[in-house]
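For reference, the chains in residue letters:
There are 2 protein chains.
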Amino acid sequence: MSNEVKLYALGGSPFVCRVKIALSMKGIKYENIEENMRNKSDDLLKYNPVHKKVPVLVHNGNPISESLVIIEYIDDVWKGVPILPQDPYEKAIARFWAKFIDDKCLPAAFKVFGSNGEKQAIAEACEQLQILENELKIRGTKFFGGDNINIVDIAADFIAYWLGAIEEATQIKFATREKFPKIHEWADNFLNCQVVKEILPSRDHIVGFFKKKFGKV
Amino acid sequence: MSNEVKLYALGGSPFVCRVKIALSMKGIKYENIEENMRNKSDDLLKYNPVHKKVPVLVHNGNPISESLVIIEYIDDVWKGVPILPQDPYEKAIARFWAKFIDDKCLPAAFKVFGSNGEKQAIAEACEQLQILENELKIRGTKFFGGDNINIVDIAADFIAYWLGAIEEATQIKFATREKFPKIHEWADNFLNCQVVKEILPSRDHIVGFFKKKFGKV
Numbered sequence: 001m002s003n004e005v006k007l008y009a010l011g012g013s014p015f016v017c018r019v020k021i022a023l024s025m026k027g028i029k030y031e032n033i034e035e036n037m038r039n040k041s042d043d044l045l046k047y048n049p050v051h052k053k054v055p056v057l058v059h060n061g062n063p064i065s066e067s068l069v070i071i072e073y074i075d076d077v078w079k080g081v082p083i084l085p086q087d088p089y090e091k092a093i094a095r096f097w098a099k100f101i102d103d104k105c106l107p108a109a110f111k112v113f114g115s116n117g118e119k120q121a122i123a124e125a126c127e128q129l130q131i132l133e134n135e136l137k138i139r140g141t142k143f144f145g146g147d148n149i150n151i152v153d154i155a156a157d158f159i160a161y162w163l164g165a166i167e168e169a170t171q172i173k174f175a176t177r178e179k180f181p182k183i184h185e186w187a188d189n190f191l192n193c194q195v196v197k198e199i200l201p202s203r204d205h206i207v208g209f210f211k212k213k214f215g216k217v
Numbered sequence: 001m002s003n004e005v006k007l008y009a010l011g012g013s014p015f016v017c018r019v020k021i022a023l024s025m026k027g028i029k030y031e032n033i034e035e036n037m038r039n040k041s042d043d044l045l046k047y048n049p050v051h052k053k054v055p056v057l058v059h060n061g062n063p064i065s066e067s068l069v070i071i072e073y074i075d076d077v078w079k080g081v082p083i084l085p086q087d088p089y090e091k092a093i094a095r096f097w098a099k100f101i102d103d104k105c106l107p108a109a110f111k112v113f114g115s116n117g118e119k120q121a122i123a124e125a126c127e128q129l130q131i132l133e134n135e136l137k138i139r140g141t142k143f144f145g146g147d148n149i150n151i152v153d154i155a156a157d158f159i160a161y162w163l164g165a166i167e168e169a170t171q172i173k174f175a176t177r178e179k180f181p182k183i184h185e186w187a188d189n190f191l192n193c194q195v196v197k198e199i200l201p202s203r204d205h206i207v208g209f210f211k212k213k214f215g216k217v
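Protein chains in written order, with my numbering: chain A, 1 to 217; chain B, 1 to 217.
Fair warning: there could be bad hints in the mix.
Which copy is meant is left open, because identical chains are indistinguishable; a pair holds if it fits in one copy or across any two.
As the list claims (entries may be wrong) - Cross-link-like lysine-lysine pairs, in silico, DSS-like; alpha carbons within 27 Å at most:
| hint | residue 1 | residue 2 |
| --- | --- | --- |
| 1 | LYS104 | LYS213 |
| 2 | LYS111 | LYS99 |
| 3 | LYS179 | LYS52 |
| 4 | LYS179 | LYS46 |
| 5 | LYS137 | LYS53 |
| 6 | LYS182 | LYS119 |
| 7 | LYS182 | LYS52 |
| 8 | LYS99 | LYS52 |
| 9 | LYS46 | LYS137 |
| 10 | LYS137 | LYS52 |
| 11 | LYS104 | LYS46 |
| 12 | LYS99 | LYS79 |
| 13 | LYS53 | LYS111 |
Everything labelled a hint here was simulated from the structure, so no lab data went into it. Treat the numbers as computed from the prediction; the structure is a model and nothing was measured.
With the rest of the complex left out, here is chain A (with noise of 0.2 Å):
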């Protein structure tokens, strides 16, 4: 069998950089395909036309939308390293948190920012960071994986990457290490890791990329 991998990407993107992780922990080999959202390629709207958003998988000739949905996939087609957990009701819990991340905290986070931090914003932000924290505490393991990242690690990858980064080119900072020393040493760890680091982008090109975006130049 062929094995064509295609990535329809965004440097910059926390969700692409989701998907990004997980080829590289699975060692799969594909062409990155950068798009520009000002200027959407016709192969992106193609295979994405219902979002019209990045990260799109192709495998194969056939597409697959939505970071979550992709990194299932990954994990059911190569084996090798789990990216979920082999026990279902393990993985049904990966599965809660992962969707707890996508549709709490990031939410959350983003009315942060977009309300230039107000303060309501800011509560309901750290409510939702708050769960996180104490889950942390609870299960105080490395990662939410256990030992090894899994998906709840890589979904959280904007919480410990790009959050600080957009507090730095905003200047509004309300998820300090003194709130949630839990989220930044699984932060620090999950940063760490050699397959996280390969691929994040750097972190001056978010701030510059966040400073614009919320007119801070």
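Dock chain B against the given chain A, drawing on the hints supplied.
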């Protein structure tokens, strides 16, 4: 192995009914524990401390929340009638559409009723439903799952049943058979499945509930 299955439920909830349909498809016997959302049980708060919502499935003491996560778990643990496709690509596509329904269609529909039929909200909801309509047209199959229902059909139970009942309760009608003939044809087929019929609450119950909720009585 003991196989104790409990479902913390609310008869009128489309999310709970999703899980009940999945349990029924697999022929799993379970204890149904009806919750009172105005006076949540200690068990519910213990088993779903993050969202404090039904459905929660407790299998041999292990609690799982989020209806789609629960359905994936049920399909992982109990073999027999499959709820997700076996082929990894088909499975990814099913997950994509189930997520689309949760992330796009349901919030858009809720916004219509929450805004008392605001024009822009109706336009947005129709836009999302049109995507589902087109998808059914392209597929030309009886169900999203092909000849049989799968996780996408189950995820869309709200669209098949609740949407029309809430339209009746609120007298805000936008998802008409004329506009969305394929969705209505699919809904007829879905509601005609024995496993679905047996589980859905009565339409009068739903209409009555939403009449009260939206102050129409």
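Here is what the structure says about each hint:
When the C-alpha separation of LYS104 and LYS213 is checked against a cutoff of 27 Å, the pair qualifies both within a copy, at 22 Å, and between copies, at 25 Å. Taking identical chains as interchangeable, the C-alpha atoms of LYS111 and LYS99 lie at most 27 Å apart whether they share a chain (18 Å) or sit on different chains (22 Å). When the C-alpha separation of LYS179 and LYS52 is checked against a cutoff of 27 Å, the pair qualifies only between copies, where the shortest distance is 24 Å, while the shortest distance within a copy is 37 Å. For a Cα distance limit of 27 Å, the shortest separation of LYS179 from LYS46 across copies, 25 Å, qualifies, whereas the shortest one inside one copy, 44 Å, does not.
Proximity of LYS137 and LYS53 under a CA criterion of 27 Å is satisfied inter-copy only: 23 Å between copies versus 35 Å inside one chain copy. Proximity of LYS182 and LYS119 under a CA criterion of 27 Å is satisfied intra-copy only: 23 Å inside one chain copy versus 46 Å between copies. Taking the closest pair of Cα atoms, LYS182 and LYS52 come within 27 Å of each other only across two copies (24 Å); inside a single copy the shortest separation is 36 Å, beyond that limit. When the C-alpha separation of LYS99 and LYS52 is checked against a cutoff of 27 Å, the pair qualifies both within a copy, at 21 Å, and between copies, at 15 Å.
In this assembly of identical chains, LYS46 and LYS137 lie within 27 Å of each other by CA distance solely across copies; the values are 17 Å between and 44 Å within a copy. For the homomeric pair LYS137 and LYS52, the shortest alpha-carbon distance between copies (20 Å) is at most 27 Å, but the shortest distance inside one copy (38 Å) is not. For the identical chains of this complex, LYS104 and LYS46 are inter-copy neighbours only, at 20 Å across copies versus 30 Å inside a copy, given an alpha-carbon limit of 27 Å. In this assembly of identical chains, LYS99 and LYS79 lie within 27 Å of each other by CA distance both inside one copy and across copies; the values are 23 Å within and 25 Å between.
Taking CA atoms no more than 27 Å apart as the test, LYS53 paired with LYS111 passes in both settings, with 20 Å inside one copy and 24 Å between copies.
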